[in-house]
Each structure stands twice: as structure tokens, then as C-alpha cells.
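Go by the hints and put chain B onto chain A.
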Amino acid sequence: MKKLINDPRSVVDESVEGFGLAHADLVTVSADPKYVTRKDAPVSGKVGLLSGGGSGHEPLHAGYVGRGMLDAAVPGAVFTSPTPDQILPATLAVNSGAGVVHIVKNYTGDVLNFETAAELAQAEGVEVRTVLVNDDVAVEDSLYTAGRRGVGGTVLVEKIAGAAAERGDSLDAVAAIGDHVNSNVRTMGVALTACTVPHAGSPSFDLAEDEIEIGIGIHGEPGRHKIPMENADGITDRLLEPVLSDLGIASGEKVLLFVNGMGGTPLSELYIVYRRAVQVLAERGATVERSLVGNYITALEMQGCSISVLRLDDELTQLWDAPVHTAALRWGV
Amino acid sequence: MLLDVKWAVRWLTMCAEAMAENRVWLIELDRPIGDSDHGENMDRGFQAVLEKLAETPPETPGAALKLTAMTLMSKVGGAAGPLYGTAFLRAATAFGDALEVDPAGLATALVAARDGIVARGKAESGDKTMVDAWTPAAEAAQAAAADATGNVLAVLVAAAEAAEAGAVATDPLVARKGRASYLGERSAGHRDPGAASSALILRAAVGAAA
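Read top to bottom, the protein sequences are chains A and B.
Each residue of the first sequence is one higher than the last, beginning at 563 in the numbering used here.
Each residue of the second sequence is one higher than the last, beginning at 24 in the numbering used here.
Simulated from the structure, these hints should not be mistaken for lab results.
Idealized CB from N, CA, C, for every residue including glycine.
There's no promise every hint is true.
Stated by the list, open to error - In silico EDC-like cross-links for lysine to aspartate or glutamate, where the CA-CA straight-line distance does not exceed 20 Å:
no. : chain 1 : residue 1 : chain 2 : residue 2
1   : B       : 145       : A       : 681
2   : B       : 29        : B       : 78
3   : B       : 145       : A       : 677
Said to hold, decoys possible - Computed footprint of chain B on chain A; a stretch qualifies when at least three of its residues, placed anywhere within it, have a C-beta under 8 Å from a C-beta of chain B:
no. : segment
4   : 636-647
5   : 666-676
The following block holds chain A by itself, in its conformation from the complex (with noise of 0.2 Å):
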């Protein structure tokens, strides 16, 4: 394993510190508990809106804590959800008293421990919605398995309902727009190599020089099935298609592509990615209004991708170009 780190037990702790002074203009930095907010938070007036899960996704969710979008992200050990005495302290701190939204991808263990962390606030007279989010449609969704996992539609409803916050909307307007949201958007993705959990010291999964895994997560959890490796094309298919049928996307649709490097793979395989399936939405009749490519949640070092595919509306589009001020995220401003 060769990694920049000083030693895998400090990996969180000394990264998101050096976050914090690399973008000292926009978030202020809690050491412990480990909780990142927004410089001005809490915003009076506003919804406050709260993100976290385990680290080793980054940019996803610190890089997100702005104006426009996320008040909060509280960062768990590596691919580990963050626990109730984090997350109750930064729902206290971004609330203005207009209550905090819960953004949570689905896994077990964030569930659990968001559950514990709302209720707590709750307890605190703080008004808690969560907006859960499940668009991997890797996942069968059926009482066989956890559910399906939350992976690129995080970020997507992070600015959305970000946006929705900042224009003042109440607490069960941002987490309805949420929700709404989450319901239009799905996410497959392919790791082309495993990632390696610092701590653990060897890759989290094998997979053989001319294999890839499809149906990956962001944990560095194996996927669907494993195939022989195949081209662009060929990778961009497999995944456009499931995402596609189970949204159900008709001729005549407008959507917001994004196409998300896992941490290992260029920019410029992304965008053959990227125009692949442009092309297929093309034969479709769907209309590609909004696009976003980049590495925006990722899994370590995973060379892979994951394709999102969200139908827009007149107000999600308006909600998307909407300003945005983050380490991560830049626009409008």
C-alpha cells in the first residue's frame, strides 16, 4: 500500500484539517467532535441542512458545506458512518430555529445512527426531517436485502434541496423537494480496480487485471457481478440501460446527466463516458438540459464511474443553476 499519509489511524483527523484551513473563508472546522459547518451558520431564519456519512468520498460531504448548499457534513472514520455524538452537536449548531434536514444515503449503519442522532435533537426541541437517499439501481430493493444504497443522487439532492433551503423554503418544503428528487434520480457504477481502506492495508476486493465489477457501491464493497473488461461504449451501456428503464425516462424528457469519476479514473475517460451516453439518451428522445462530470463521490483511489441520470422539471432545473458557494461546487457566484 502506498498511500500520503502519516499514519492510517490520523487519516480523517489531519485531512479534514487541512480542509479546513484550505478553505477557512467558507467552513469553520470542529475538531472534536469531527463536524465541519458553514462559516455563518447558523443563517437566521433558514432551514439548516445537514450531510455525513464515512469518509474516503471526497469531495462528498465537506466539499459541499456552503452557501446554496449544505449547512453541515459530519465525517465518519473511513467508509464508517459518523455517530450520534457528532451529528447531534452539528444539528444544534446550524440550527437557526427553523429546524434541520437529515440528508442520509441508505446503509445501515448511517441509518441507525442518524435515527439515534434525530431523535436526540428531538429531544433537544429541534425539529428533525431526513430525507433518505436510495438511487443505486444495482441494489434489488425487496425485503431480501438492506435496501437500495444511496451513492451519486446524494449530490444531487444535496444542491438541490440546498438550493431550496436558501431561497427561504420551510422545513417540510426542503425535505419534500429532497425526497422529490431522490424519486427522479438513479445511479449505477463500475469499479474498474478495488480501492484500499487505509486501515486495512489491502484492497477491499479482487478483481483480476481483465476484470471489472458492475453494480459497484462507493465503499469499496464488491457490486452486481463481475464481467471481462470491455470498452467505454460497451461499460457505458451496461450501466445506462438499468438506469434508464427503471426510471422509466420517455421520448421528449429533459434530464441532468452526471457522470462521476470513483477517485482513480481521468477526466478524460469520464467524458468518453460522458459522451457515450449522451448519445444514448439521444436515440431515447430524452433532451440532456444540465450536465455535471467530475470526480464528485468517490470511493478512495476505485478507478470507475458512476452514471446518474435525473428527470428534471421546470423547478429542479431552476433549483439547479440556482448559486452556489462550496469548496466543491462553484457557480452563480
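Then chain B, alone, in the frame of chain A:
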């Protein structure tokens, strides 16, 4: 012999030793069907428990378990933190303020711990989770406590042996809860890390009483 606070502190200390010793093994179990963090999280959690026990020495077994519950909930993260936190909290509540615990009280606490895990995680037997260690353990403890010759050590041994067998029996199961459930059929052939760490915890309870 009854179980007192010295046993409880010894138990938690031996849990911490077991997690440190088995940290890499638990990470390896978690690697193919999870995300390689279970050993790291359990080790970190129980080291924090040791620090808390040294800071504020408990006076009853129940207090020791409650301190453990709060520490695991706040330090472990993932699913294991809230699940083990709930288990220790329910067991602590069952012990109450008692200075000593008898076989029946011990079995009741183990059943309460199992019920807490089921309530929080909503998993059933056969889902390939820690429930598959805790349910046989709780049932074996009840049976051992009901035996007229039963003593606390016999109850603990019965629980630990049943948990170990239950953990081994998760090997062929297809996961239906937790992160391993994403793998579907491919989760078969691997031991559930949560069931494995549960067996370590219950084995430590025997060591502390022996």
C-alpha cells in the same frame, strides 16, 4: 457464585483484549462481504470503553454495561455501534441497580440484549447477521438458567458455545440485511463479521468468570 461489578469490568477488559487480538481477523471477514472496517471499529470502540471505565469506575454490573453502551454508540459508528450499544443498554437495564446477578438475571439480560439488537436492526434469524449468534446464545442461556444445577458460569458457557456455533452457521447463509445483502448469493461462503465479534464478546464473559 454470582456476577458482580468486578466480573463486569474484567469482562469488558477481556472484550477489549479480544478485539485487539482479532482486529485483523474481523477486518478480513468483513473484506469480502462488507467494507473492511469491522475489526478497526470494534477495537477502537472497546479501547474507548477501557478509558471510560478507568475515568469513572462503575459500582454495579449494570452501570458498567451502561457506560459501555454509551461509549460504543458514540465511538464505533457503522451499524455495529448502535446495535452493540442497544444490546449493552438493554442488558444494563435488565441488571438494574443489583450489586450481584444470578443465573436467571443473567439469562434475562442476554434475552433483553438480543431483543434490543432485533428491534434496532430489524433482522431475523437466518439473515446472516449478529442475530444468528445472539438468538441461540439467549436461548441456551435461558435453558441453562432453568436447569436446577445451573450456575452463572454454566449459563455463560452455554451462551458462548451457542454463539460460536451460531457464528459458524452463518457461513453458508445468503445475507438479507446489512451491507452483505447487496451481494446476494455471493455472500454465501463467508462468515458474518458481526456474528463473529458477538461470539468473541460472549466468550470473554466466560473468561472473566472462570
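Status of the hints after comparison with the structure:
1. B:145 to A:681: 18 Å, holds
2. B:29 to B:78: 16 Å, holds
3. B:145 to A:677: 14 Å, holds
4. 636-647: holds (count 10)
5. 666-676: Result for this restraint: holds, n = 5.
When the structure is compared with the earlier hints, no violation turns up for any of them.
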